[in-house]
Each structure stands twice: as C-alpha cells, then as structure tokens.
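Chains A and B are the protein sequences, given in the same order.
Counted from 1, the first sequence has number 193 at position 193 by UniProt numbering; the numbering is strictly sequential.
Counted from 1, the second sequence has number 165 at position 165 by UniProt numbering; the numbering is strictly sequential.
These are computed hints drawn from the structure, not numbers from a lab.
As the structure is a computational prediction, the values presented were derived from the model and not from experiment.
Heads up, some of the hints might be wrong.
Copies of the same chain are indistinguishable here, so a pair counts whether it falls within one copy or spans any two.
[To be verified] Straight-line Cα separation of at most 20 angstroms, DMTMM-like style, residue types lysine to aspartate or glutamate; simulated pairs:
#1 K9 - D32
#2 K228 - E127
#3 K180 - D233
#4 K311 - E279
#5 K9 - E202
#6 K140 - D321
#7 K2 - E225
#8 K180 - D246
2 protein chains.
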Amino acid sequence: MKKLINDPKNVVNEAVAGFAAAHADLVRVEFDPVFVVRADAPVSGKVGLVSGGGSGHEPLHAGFVGLGMLDAAVPGAVFTSPTPDPILAATKAVDGGAGVLHIVKNYTGDVLNFETAADLVSADGLEVRSVVIDDDVAVKNSLYTAGRRGVAGTVLVEKIAGAAAERGDTLDAVAAVAEKVIANVRSMGVALTPCVVPHAGEPSFTLADDEIEIGIGIHGEPGRERIKLEPADAIVDRLLASIVEDIPFVAGDTVLLFVNGMGGTPQIELYIVYRRAAEVLAAQGIEVTRSLVGNFTTSLEMQGVSLSVLKLDHELTALWDAPVQTAALRWGR
Amino acid sequence: MKKLINDPKNVVNEAVAGFAAAHADLVRVEFDPVFVVRADAPVSGKVGLVSGGGSGHEPLHAGFVGLGMLDAAVPGAVFTSPTPDPILAATKAVDGGAGVLHIVKNYTGDVLNFETAADLVSADGLEVRSVVIDDDVAVKNSLYTAGRRGVAGTVLVEKIAGAAAERGDTLDAVAAVAEKVIANVRSMGVALTPCVVPHAGEPSFTLADDEIEIGIGIHGEPGRERIKLEPADAIVDRLLASIVEDIPFVAGDTVLLFVNGMGGTPQIELYIVYRRAAEVLAAQGIEVTRSLVGNFTTSLEMQGVSLSVLKLDHELTALWDAPVQTAALRWGR
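Please model the entire structure based on the sequences and the hints provided.
Listed below in structure tokens is the structure:
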C-alpha cells in the first residue's frame, strides 16, 4: 500500500483538519465528535441539511457544505457509517428553527444510524425528516444494502435540496424536492481497478489485467458482472442502456448528465465518456441541458466512472442553477 | 493498460470534443487545428491569453479557459508539445486588438513551438509577448528542459494574469503581472506511482512497492532522488523545505498554498498533505492567506502530489480573488 498518509487510524481526522484549514471561509469543524459545519451555521429560519457517510468518497460530503447546499457533513471512518453521536451533534448544530433534513445514502448502517440520531433529537423537540437515496440501478440488493444503493446521484440531491432550503422552503417542501430528485435520477458505474482502504492495507477486491466490473459499488462491492475490458464507447453504452431503460428516460426529456470519476481516473477519460454519453442520449431524443463532469463521489483511488442522469423540469433546473458556495461546487454570486 | 478510451490515436480529440460539449456555455472548440477558445473570443480591447502544452495534465490548460483566465488553450498529443500551427490559429482567434500573451511552461518543445508561432503571427502585425514558467525547484535541468521545469505554478500564473487582462491591463502590464507571479512561486512534487501514456501502453517508469520519487516531473521524468516510502508528514517536510529555502520564503510573508494532486491521488490524502504544509509554514511565521487544493496539473492517473507556494502582496491577492468562470476554477459573479 502506497498512500500519502501518516497513521491509518488518523486518516479521517487529519484530512478533516486539512479541509477545515483550507476552507475556513466556508466551514468550521468539530472534533469531538467529528463533523464539518457551514461557517455561519445555524442559519436562522432556514431548514438545515445534514448528510454523511463513510469517508473515502470525497468530496462527498464535506466538500458540499456551504451556501446553497449542505449545512453539515458527518464523516465516518473510511467506508464505515458514522455513529449516531456525531449525526446528532451535527443535527443540533444546524438547527435554525425550521427543522432539519437528513440526506442518507441507502446503506444499512447509514440508514440505521441516521434513524437513531433522528429519534434522539426528535425527542428533544427538533423536527427531523429523512430522505434515502437509492439511485444505483446496477443491483437490487447488495453486500451492504436492502434495496438499491445510493451513489453519485447524492450530489444532485444535495445541490437541489440545498437550493430549495436556501430560498426559504419549509421542511416539508425541501423534503419533497429531495424526493423528486431521487425519483428522477438513476446511476451506474464501472471499475477498472480496486482501491485500498488505509486500515486494511490490501485491495478490497481484485480484477485481472483485462477485466472490469460493471455496476460496481462505491465501496468496491460487487456489481452486475465482470467482463473483458472494452473500448470506452462500448462501456458507456452498457451503463447508459441500463440507466435509460430504468425510469425510463424517453425522447423529449431534458436531463442533467453527470459523469463522475471514481477518484483515480484521468480527467481526459471522463470527457471521452461524457462525449459518448451525450451523443447516445441525443440520438435517443433526450436533450442534455445541464452537465457535471469530475470526481464528486469517489472510492479513494479507484479507477472507473459512474454515469448519472437526472430528468429535469423548470423547477429542478432553476434549483440546479441557483448559487452554490462550497469547496467542491461553486457558482453564482 | 486499462483505460476508458477508444483508439489511443483519438484520445485528445475525443476528450476535447467531450469537454466542449460539457462546457458549451464557456468554450468552443476548433478541430483543424485543435484548440479550445473562450466562447466570446475575441474580447474586443482585452489582451488575449493563450497557453497550451502536451495533453495528460488536465484540467490544465483547457479547464482554465473562460472569463478572468485564459482565452485559448492548445492541447498537444499526450505529453507532447503542440505544433506551431494550432498555437498560431489560437493566437489569431483571441486577438481583440490589445495584443496576445503566450503563457508557456519551460519545456524545450513548448518554448520552441510557441516562439515559432509568435514569430509567424508577429509578421502579420499582431503583438505577442511570452512568459516562460519555471517554478519547479526539484532539478536545474531535466530530460526535456534547459533550466527548471514549469509545473503546477502555471495555474496561478494563468489565474492572476487572466484577472489582470480582464480588468483591462495593457499587454506590457499583463506580462509584468505574469512575471511577478513567476518570480514569486515555487513548486515541488512527489510520485508514488507512474502513469501510462495511452499510445505507449506501458508505464513511463517503474517504482518498487516501497519506493517514491521525490521531485518528480509532470511527465514522469526523473526528480531528485528515490527514497523509501515515508509518512505523509515527512514527505511534505522534504518538499516544503526545498521550496521555502529557494526564494527564500521568510517569516512575515503571506502566501498562497497550493496542494496539487497528480491525478490518481484520493482527495483525502491531498487534505492530509495540506494540513501538514499549513502547519509547517505557520511554524515558520509564514502566513497562509489563500489556498487551493485539488487536481489541477495532473500526470494522467499518477498518484502523487505537488506543493506550490506563492508569495502574495495586495495586488496579487486581489487578482487571485477576482471573478473567474472556467470549467475547473470558478468563483465570483
């Protein structure tokens, strides 16, 4: 294992400390328990948004804390759900009097620990609602999941729900917007290489030199099938076919196309993938009106990519375009 | 070699096509010869900024085309200088009547081809000036260089000179600002793994499982020394000591600290590195007032990092903070 780390036990705390130092204009960090919170939290009268999950998917979630997106992010150990304690603390820290929305990826540990935290804080009279993201069409159930997994579509949920909260929507309305994104986004990924969890020290799985894993999870958990390496265009066609047929997306739809790098993929490859995906959608009469390309929901240094497609309407488009000021997404104002 | 590509010969053209499709609001692309140009170019009365170089360092340079930064970027083949022809075409395309600045990384091929293009276009009466970036303190001469190499400091030159051009500075003044950044920025990197150039199909060099290369170049060319893997903090201390002693940076300086991923490094590691670098500078009385962390000058999927430190004054700070609207850097407005 070759990594730019010190003691594997300190990876998350040291990274969070570095993140907070680099982005002191946007966030502050608490260490006991660990969470990252918007610098001006709590924002009075605004619904607070809290997300979190295992570390190793950066910039998810801390990179999305700031104006127009999350109010707090709770990082667990690498690929390990955060416990209820920091979720509870983060929820209280962002309570501006309008309630708090938990944005949870569908993994058993995440769902359970966010529920526990919500129950505890609700007992104190703070109103909490939760949405669970399950955008990955690759598998129905998985190693860590009952039902589908939550993957890169999470970024789109956090951005759009964050914009709704920022414009002053009520807790019910913000939750409804988040559910609308969840209902309209689908994702699927592919891995060319595994990744190494620091405290494990070994790759989480192995792939032969000519093999790829279609439908990979963001923790390296198995996907649909292992196949021989193919040209990028053929791989994109496989992923996109599974995504498009799922909702299904149909001619006349306008969509956001999101090409997400898994962490170790050169940017040049992400754009080769984007090119093909945009062409294929256009050929089906599906119009790409917004795009996002980059490493936004990663699996440490894994090489691979996921595609997400979100069906847009006027409201979702306007909320996507609304100003955002976070470490990893920033536009407007 | 496992890559998300089609025919290795088409890597750059396909990636540029994808880039242009994803960022049609910011850029347009020409294919014969290939260059990426700001959507609203030429901007009348504004100095035009053109940079370029071998591909494989994305988002450098196309990711920095847009308001407040470059007017055009000229990508060569992977790790290969662009020929004079597309540089010439890009230079003409951004001519808004106030002259054009070429921002060139110090590699023999880049310097020669930009010079040739400048000579040709000057013969047509277009005023061109050039600046050459040589921020890498690792080696004095190298495989592809007389003198020091130009590496990640290029991003800072392009951002700050771009802001000077955007505010209406003359060609001489923009060139002077660029030279001021070059005089005040120093960089050094480390590689944990090599990368594979698509048309080569093999790693450009090899490192043992417990070896790292200190002072690596952005094309995998040799650095200062190979050493055994060390904790991140020890590696940061080595890089930073070489950078700080060079100008030297001294107590009382205010600086921008830039932690640049080489493409395949997990973001969590970049922030572990940032944390240490900021601590070490603070301990020396050097105040970090601006920061940048991410994959901005890459070597395909290489794992590693470079540190850059730029000494700031009021002017450089204001130009750094000025609005920028590019695919890879975006703030303000």
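Hint by hint, here is what the structure shows:
Taking identical chains as interchangeable, the C-alpha atoms of K9 and D32 lie at most 20 angstroms apart only when both belong to the same chain, with a minimum of 16 angstroms there against 53 angstroms between chains. When the C-alpha separation of K228 and E127 is checked against a cutoff of 20 angstroms, the pair qualifies neither within a copy, at 50 angstroms, nor between copies, at 53 angstroms. Taking identical chains as interchangeable, the C-alpha atoms of K180 and D233 are never at most 20 angstroms apart, the minima being 30 angstroms within one chain and 45 angstroms between chains. Proximity of K311 and E279 under a CA criterion of 20 angstroms is satisfied intra-copy only: 17 angstroms inside one chain copy versus 45 angstroms between copies.
In this homomeric assembly, K9 and E202 come within 20 angstroms of each other (Cα to Cα) only inside a single copy, at 15 angstroms, whereas the closest approach across copies is 35 angstroms. Taking the closest pair of Cα atoms, K140 and D321 never come within 20 angstroms of each other, the shortest separation being 32 angstroms inside a single copy and 47 angstroms across copies. In the homo-oligomer, the alpha carbons of K2 and E225 lie at most 20 angstroms apart only across protomers (17 angstroms), although the nearest pairing inside one protomer, at 28 angstroms, exceeds that limit. Taking identical chains as interchangeable, the C-alpha atoms of K180 and D246 lie at most 20 angstroms apart only when both belong to the same chain, with a minimum of 16 angstroms there against 55 angstroms between chains.
Going down the numbered hints, you'll see the structure goes against 2, 3 and 6, while the others check out.
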